[in-house]
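Peer 1: The primary structure of each chain is shown beneath.
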Amino acid sequence: MREKEKERKEEISKMDVVTQMQRQLIQYTSSLFQEGFLDDQFNQLQQLQDESNPEFVVEIVTLFFEDAERLLNELSKSLQVEQESIDFRKVDAQVHQLKGSSSSIGAQRVQRVCIAFRNFCEQQNVEGCLKSLQEIKQEYSLVKTKLETLFKMEKQLFAARGSISR
Amino acid sequence: MGMSAAAQFHVLAVDDSLIDRMLIERLLKTSSFHVTTVDSAIKALQYLGMVEDKLKSYETPEIHQDAEVNVNLIITDYCMPEMTGHDLLRKIKESNSLKDIPVVIMSSENVPSRINRCLEDGAEEFFLKPVQQSDVNKLKPHLLKSRSKEEEETQPSNNNKRRTRIKCTI
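Sequence order for the protein chains is A and B. Just so you know, the first sequence maps onto residues 1 to 166 in the UniProt record's numbering. Just so you know, the second sequence maps onto residues 1 to 170 in the UniProt record's numbering.
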């Protein structure tokens with residue numbers, strides 16, 4: 001009798017933990033939207049995820065991380081040359097790609113800096129470009145950390161749910 | 001639902017961005033389309049049976065065309081290196097065997113002159129990126145129209161019953 005009671009109490013406390021985790025996840029996700037890190041496109045991605053594609057969001061965001069890091073490296077190289085020899089068309093093409101992929105996953109702040117960056121490219125404004133590159137690196141780093149945190153929380157919640165016996 | 005494999009529409013998606021290919025594929029599959037993705041306009045032409053011959057001609061004789069490849073719609077990005085989506089649109093509309101396949105263009109840039117030019121040159125729709133479910137939902141009418149046109153052309157006797165049945169099952 002005592003064993004069953006003990007088990008029941010454990011189950012209830014596990015459920016409390018899960019409820020708390022769910023609440024935290026919702027709050028965290030909300031904050032990312034409120035602070036402009038993510039926009040509605042991220043919601044669209046979540047809606048495309050289902051039982052047949054349970055990892056879709058993580059997979060596409062991971063591709064974005066790889067793509068962004070590659071492009072940021074290339075941009076650094078393109079801008080490290082002598083100012084007179086900067087190929088603005090090449091830089092613009094690279095920023096265009098980053099703008100596209102950040103827009104596709106809903107990374108709003110990264111996308112916005114890309115837009116400003118492209119304007120500087122058009123004006124052939126070196127200082128503006130260098131400043132934008134720094135900004136993009138910062139925004140990218142922030143959104144990457146935030147999304148990794150989000151995915152970790154989701155994973156933990158999933159595991160906690162799974163440990164509750166039926 | 002209850003769509004048989006034969007009735008399923010096959011969409012060819014063309015985009016040089018891996019992320020956008022992944023996204024468009026997922027969007028299309030959610031709408032029960034069968035999807036093939038390629039990363040360039042040249043590969044799209046190759047897939048459609050138009051093989052480059054020493055960079056001179058783009059169309060091989062009809063007999064070389066792979067009869068198994070049956071594409072019902074082509075959706076392509078506009079900005080791609082080497083050959084743009086607009087160039088691809090023109091090549092498709094110039095081809096006797098492919099000109100009836102509906103073509104949709106996607107672009108991250110809202111340039112009215114670009115949009116108009118594509119629509120004038122035969123694109124059915126122009127979607128601004130990021131493409132969403134609501135955009136993909138616009139595709140079925142174009143596909144149904146193509147299919148019923150195809151049916152009409154192969155059945156000289158005007159069989160209204162058959163046409164109605166096709167519309168109901170999809």
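No wet-lab data here; the hints were simulated from the structure. Hints are not guaranteed to be accurate.
[Said to hold, decoys possible] Taking lysine-lysine and the DSSO-like style, the derived pairs with C-alpha atoms no more than 27 Å apart in a straight line are:
(1) B/43 to A/90
(2) B/43 to B/29
(3) B/99 to B/149
(4) A/155 to B/29
(5) A/9 to A/77
(6) A/144 to A/9
[To be verified] From the structure, some residues in chain B lie toward chain A, with a derived Cβ separation under 7 Å:
(7) 19
(8) 23
(9) 108
(10) 112
(11) 128
(12) 132
(13) 134
Note that beta-carbon positions come from the ideal geometry of N, C-alpha and C, so glycine has one too.
Peer 1: Could you run down the list of hints and mark each one as holding or not?
Peer 2: Hint-by-hint comparison with the structure:
{"no.": "1", "hint": "B/43 to A/90", "result": "24 Å, holds"}
{"no.": "2", "hint": "B/43 to B/29", "result": "21 Å, holds"}
{"no.": "3", "hint": "B/99 to B/149", "result": "13 Å, holds"}
{"no.": "4", "hint": "A/155 to B/29", "result": "26 Å, holds"}
{"no.": "5", "hint": "A/9 to A/77", "result": "60 Å, violated"}
{"no.": "6", "hint": "A/144 to A/9", "result": "39 Å, violated"}
{"no.": "7", "hint": "19", "result": "5 Å, holds"}
{"no.": "8", "hint": "23", "result": "6 Å, holds"}
{"no.": "9", "hint": "108", "result": "5 Å, holds"}
{"no.": "10", "hint": "112", "result": "18 Å, violated"}
{"no.": "11", "hint": "128", "result": "10 Å, violated"}
{"no.": "12", "hint": "132", "result": "6 Å, holds"}
{"no.": "13", "hint": "134", "result": "10 Å, violated"}
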